[in-house]
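Engineer: Below are the chains, spelled out letter by letter.
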Amino acid sequence: MSRAPRRQGAHTPTVLIVGNPNVGKSVLFHRLTGRYVTVSNYPGTTVEIERGTMRHKGHRYTVVDAPGLYSLMPITEEERVARRMLFHEPPDLVLHVVDAKNLSRSLSLTLQLVEAGLEVVLVLNMMDELERAGLQIDTERLAQQLGIPVVPTVCVSGEGIEALKELIHERLSAPTYLSARD
Amino acid sequence: MSVSPPPLTYPPAIESAIGQIASLLRGEYALGERTLALLLLQEDAEIWELVQQQESPHTLQRIRAIVQSLQSQLEQPLDWAIEQQRQQLSQQISQQVMQISKPTRPNTLAEWVGWLCMNPWTGFPILALVLYFGLYQFVGVFGAGTVVGWIEEDLFGAIINPAVESFVRGVIPWAPLQELLVGEYGVWTLGMTYAIALILPIVTFFFLVFAIMEDTGYLPRLAMLIDRAFKALGLNGRAVIPIVLGFGCDTMATVVTRVLETPRERILTTFLLTLTIPCSAQLGVVMALLAQYPYGLLLWAGVLVSVFLVAGWIAARVLPGTPMPFYMELPPMRLPSLSNVLLKTFARLHWYFLEVLPLFLLASVLIWIGQLTGLFELALRAIAPITALLGLPEQASVAFLFGFFRRDYGAAGLYDLQQEGVLTGNQVLVTAVVLTLFVPCVAQFLVSIKERGWKTALAMFGIALSVAVLVGFSVGRILQVLGVNLG
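Sequence order for the protein chains is B and D. Here the first sequence stands for residues 253 to 434, numbered as in the numbering used here. Here the second sequence stands for residues 267 to 753, numbered as in the numbering used here.
Don't read these hints as lab results, they were simulated from the structure. Some hints here could point you the wrong way.
Calculated from the model, a selection of chain B residues having no Cβ within reach of chain D, i.e. all distances over 12 Å [claimed, not checked]:
1) H263
2) S278
3) V289
4) T290
5) N293
6) Y294
7) H308
8) K309
9) G310
10) T314
11) R357
12) L365
13) L382
14) V406
15) G410
16) I413
Label pairs and their calculated CB-CB ranges [said to hold, decoys possible]:
17) D:E621 x B:G399: 43 to 53 Å
18) B:H340 x D:E377: 42 to 52 Å
19) D:W720 x B:E411: 50 to 60 Å
20) B:V408 x D:R435: 52 to 62 Å
21) B:K309 x D:K721: 39 to 49 Å
22) B:H282 x D:R524: 20 to 30 Å
23) D:G587 x B:V408: 35 to 45 Å
24) B:E341 x D:I438: 56 to 66 Å
Beta carbons are placed, not taken as given, at the ideal position from N, Cα and C, and that holds for glycine.
Kindly generate the complete structure, drawing on both the sequences and the hints.
Structural biologist: Rendered as structure tokens:
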């Protein structure tokens, strides 16, 4: 079995935002893209997809907000669409946004995304609520355990967004990215 | 950078099956081979289709054999075994990285309130309070009574409609066209007035209550509370959303059945909405009719609850398919933000108007055609035997027919009959039961056709009609046999 080659070259790198509903996905999407946004239906469905452009240090990245997803075994139509977006046209980078308070319940999907061979970044959102609940997360250790980058954010206030943009930029613009991919 | 090896390993039997499938696959796929193999093992239809396009029949046969042999080896279902492994690792990782920075208070007030809402012993009394104050007092008495009184009678009835009417009659000379626009059932006098003066205020108040229920976190807890009861009806807690909405407007609720996961659940819920859930307009009618007979009101509620349970129970067993499991996130209980509640209410109203207003206008046109062509006369003659069977006077037919197009008109007709002493207490109860069980209104019927298709909608119409007549008839007879007289 071989992997289908990903589109490269003139194509702007694509970042797909996935996660459960109500974890701040769309807030993150708007934080990353600002006002360059288009809305369209996913082909053949009534599920709406938002697509925007993120600009960082003179580079452009396409950011797409996937519908709510709980697992790679979909139940609802929205989940099916989100999965198709992951599988049929794999994005260059997947941001898995989770509610930091519900880390243990959310990690199952992170593990599935990593398992699928996708390039995943875990975004721990609602860190402020986590702290208010009297909890802390050792993000470095979590990153080690999962083998992927982990970025803590508070999307509603914008905390951590610059760090995330920088990480996306690092991941997708570095020359090693295009050559080192298998 | 290279992707790190998956930290997740499954029990040996599953791993070996994954390995075997991965070595068989020859096609080009955009997703990783482990995931592909796992989804094939879990018999995911979409992924099977994908693989069928690229692999030889022989390979497919061998994969099927691997799946079957794995299933026979495992004690638990495969989905469950796989998910359990993921949950375990997730929990293990999160335990390692999460620390408590300060002791949390175990029982905040909000947590207590949330728990009380879900516990059956306290949850149902709380639900009764919410229904009484939120729905009955606020939406019913204040919204549908007081505010509708101001807007419909004082504003539209006394000021706007006479002005529009005299304007139209002055400009358009042709009488039938005048009728279409400003007649008793005209596009303006019935359609627009009904939508703006009657329905708009009621649903506004209702959506306000609904948004508060949502934003306080009460609605998901209600779904949990009701989930078990709904299981017996082939539904799960998620169906609480359209059912509760149905008390505001069955038409809107029928549209909202889209939130349900399977076509089966959508059909079941639409059926229950059509048959049993009284919308705010129907509630208003019934309250007015039965106000004098408190026992009648109780009997009416009892009959409806019984029909709801029995019809749901039977429908769940007749319709093929299995109930879906229910997952819902429980957000914390909290005070809602006013701006968010208002914004939600406004967004729903906006959407409601776009979807439902055209149907009210269409209803006016249908009545106009019905009267112009004499179809209504025919329909009245068709209903007459049913009315007689129910032991009701002839005039009730008119109320039934027009009530389907315009609830309040039907109600007003019945109210007059009751005042004139034509209807006895028992007959009022029978009328109320039949009116509620029958299809709520023409708009709801049209939306059912749009959402569920012609066949299903017509079948529901037929069943609702039969059940309404049958139950109405039985209630009348039982009261008679028992010698009960409501006065």
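Engineer: Now tell me, hint by hint, if it's right for this structure.
Structural biologist: Here is what the structure says about each hint:
The beta carbon of H263 (chain B) is kept farther than 12 Å from every beta carbon of chain D, the shortest such distance being approximately 15 Å. The Cβ of S278 (chain B) sits about 15 Å from the closest Cβ of chain D, beyond the 12 Å cut-off, so the non-interface label holds. No Cβ of chain D approaches the Cβ of V289 (chain B) within 12 Å, the least distance being about 19 Å, so the stated non-interface status holds. At roughly 21 Å from the closest C-beta of chain D, the C-beta of T290 (chain B) stays outside 12 Å, upholding its exclusion from the interface.
Under the 12 Å C-beta cut-off, the non-interface status given to N293 (chain B) relative to chain D holds; the minimum distance is some 15 Å. With a minimum CB-CB distance of about 14 Å to chain D, Y294 (chain B) clears the 12 Å threshold, and the non-interface call stands. Every beta carbon of chain D lies more than 12 Å from that of H308 (chain B), the smallest distance being close to 19 Å; the non-interface claim holds. Even its closest Cβ contact with chain D, about 20 Å, leaves K309 (chain B) beyond 12 Å, as expected for a residue assigned away from the interface.
Against chain D, the non-interface label of G310 (chain B) holds: every CB pair exceeds 12 Å, the least being about 23 Å. At the 12 Å boundary, the C-beta of T314 (chain B) stays outside the reach of chain D, the nearest C-beta of that chain being 17 Å off. Not every C-beta of chain D lies more than 12 Å from that of R357 (chain B), the closest at about 7 Å, which undercuts listing it as non-interface. With a closest Cβ-Cβ approach of about 9 Å to chain D, L365 (chain B) is found to fall inside the 12 Å limit, against its non-interface label.
With a closest Cβ-Cβ approach of about 9 Å to chain D, L382 (chain B) is found to fall inside the 12 Å limit, against its non-interface label. The beta carbon of V406 (chain B) sits about 16 Å from the closest Cβ of chain D, which is more than 12 Å, so the claim that it is off the interface holds. Annotated as non-interface, G410 (chain B) keeps its C-beta farther than 12 Å from every C-beta of chain D; the closest such distance is 20 Å. Non-interface call for I413 (chain B) relative to chain D: holds, since the shortest CB-CB distance, roughly 22 Å, exceeds 12 Å.
Evaluation of the 43 to 53 Å hint for E621 (chain D) and G399 (chain B) yields a pass: the beta carbon distance comes to about 48 Å. Checked against the hint of 42 to 52 Å, the pair H340 (chain B) and E377 (chain D) passes, with Cβ atoms roughly 43 Å apart. Under the hint 50 to 60 Å, the C-beta atoms of W720 (chain D) and E411 (chain B), about 54 Å apart, fit the expected range. Distance hint for V408 (chain B) and R435 (chain D): a CB-CB separation of about 57 Å, consistent with the stated range 52 to 62 Å.
Taking the beta carbon of each, K309 (chain B) and K721 (chain D) are about 59 Å apart, not inside 39 to 49 Å as hinted. Under the hint 20 to 30 Å, the C-beta atoms of H282 (chain B) and R524 (chain D), about 25 Å apart, fit the expected range. Taking 35 to 45 Å as the suggested C-beta distance range, the pair G587 (chain D) and V408 (chain B) conforms, at roughly 41 Å. The beta-carbon spacing between E341 (chain B) and I438 (chain D), approximately 58 Å, falls within the hinted interval of 56 to 66 Å.
Hints 11, 12, 13 and 21 from the list above are not met by this structure, while the remaining hints are.
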